[in-house]
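A.B. asks: Here is what each chain is made of, one letter per residue.
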Amino acid sequence: MRLSERIYRTLLKAYPKWYRRQYEQPMAQLFSDQLRAASTWRKLSLLWLRTLADLVRTLSARHAETPRHSLYGLENAQGYPRVPWSLSVRKSVFFARYEASSFDRKVITTEDLLLGVLREDVRLRELVGGVEALERIRSEIEA
Amino acid sequence: MEPLTPAVFHILLSLADGEKHGYAVMQEVEERTEGALVMGPGTLYGTLKRMLEAGMVEESGERPDPAIDDQRRRYYRLTRNGHRAAAKEAERLEALVRAARAKSLLRRPQRA
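Taken in order, these protein sequences are the chains called U and D. Take 1 as the starting number for the first sequence in my numbering and just add one per residue. Take 1 as the starting number for the second sequence in my numbering and just add one per residue.
Among the hints, erroneous ones may be present.
Computed list of lysine to any residue pairs in SDA-like fashion (alpha-carbon distance at most 25 Å, straight line) [to be verified]: (1) K43(U) to T43(D); (2) K13(U) to Y75(D); (3) K13(U) to E28(D); (4) K106(U) to S139(U); (5) K49(D) to L124(U); (6) K43(U) to K103(D).
Just so you know, these hints were derived from the structure itself, not from any lab.
So that you can see chain D by itself, here it is in the shape it has in the complex (with noise of 0.2 Å):
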């Protein structure tokens, strides 16, 4: 399987945890990575777009979203596709982290 794009594996990491509007993946993407990734409206809904064609997510309906005003949004979940995709990339990735530690780019994470 090839590696995702980072805007595909922020969105799957955002819906991880359960079903979101697409605002609120695009404020936890901004938050997670401290401002380095924004995504624009063109960019999270593209990329969207793609992904329920994949069938990594799929629509769960639309409804207001009482934190933020009584306008209907549309909502995202994982599928198991997505599930699965976005377990390979962690896996994948902390693959990576452990060839870095392996080579003395990184310091091994202390214990508590």
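Next comes chain U alone, as it looks inside the complex (with noise of 0.2 Å):
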């Protein structure tokens, strides 16, 4: 790969993360083929000239249709929202844990998921039928 190359694809790091995931590749490419046109110094220079006029032009613009989520750093390693999780699901997952353990189970099911939920979410378990009816399901799912 030529120097020219591997600095332009350095700068493309510059861009935001949801915008690098769809266009690094074809830009760098566009970049290359310009590249490979440019034969003379003079060509080579006028070429990096436009491209970084080029990229401060657009970089602004980029990071200015940056999602909020991704500003916030709730994005996970893939780009994708990271939608944070409420207290309220934090606390039924640690239920679900407890129980999957004392099933002796070493992953979470939805049953597991299930219970946590029904001790987390008071009202939720009184419309299924209170403390006894948890119990029902704790023996249905042993049996």
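Two chains, each in its own frame: build the complex with the hints.
C.D. replies: If you want it as structure tokens, here you go:
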């Protein structure tokens, strides 16, 4: 890979992740095509001048379009929004983990999640019959 | 409908006669404008992104361009919406040219 291509690929890292995910590859390829046509030092210098101007002009626009979840770092490794869990959900998962270990399981199953939610959410538990219902579900799972 | 930006109209014009990849679009625009409009990768793909979102163009797959090399390229083509937008913009520009002619700013086209 030519030095110019390497430099351009490094500069592309300045664009937001969500944009790079879609356009990093075609942009790098377009620049490589332009490089191939820049056969003299003069043409190469002109290409770099234009490319840098293009980069400066478009960087701020792409960052301005960045979705809010990315601005606050609420995205996963793939750049998709990472929606934070509420306290109630975290508690439900905590109880689900407790249920899984009480059944001597190494993974949390949907039954554990159901029990976890019923332990955390009092109103929901009352809807299905209170603590007695919870114990009935537990014994049915055990059976 | 609001007038299209020069970059959008030129991309629509390039794709009017068939699908093309980014470099082919960029080359055609540069040739047509005699170097007055040179789109860098950031401008071209930023504009294409907006046009994709507006439903003016669509991706038509990835494959190599036998005329350049064997690297896979992303091709774009006009949608019905894009075709309509390009035609409307061309009509708008034609009306402007007619108005300029009416005020003797332009010479009438010579008949062959």
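A.B. asks: Give a verdict on every hint.
C.D. replies: Each hint, compared with the structure:
1. K43(U) to T43(D): holds, 20 Å
2. K13(U) to Y75(D): With a Cα-Cα distance of about 24 Å, the restraint between K13(U) and Y75(D) holds, given a limit of 25 Å.
3. K13(U) to E28(D): violated, 28 Å
4. K106(U) to S139(U): Holds, because 19 Å separates the two Cα atoms, which is no more than 25 Å.
5. K49(D) to L124(U): The hint is violated at about 46 Å.
6. K43(U) to K103(D): violated, 42 Å
Hint check: violations occur at hints 3, 5, 6; the rest are consistent with the structure.
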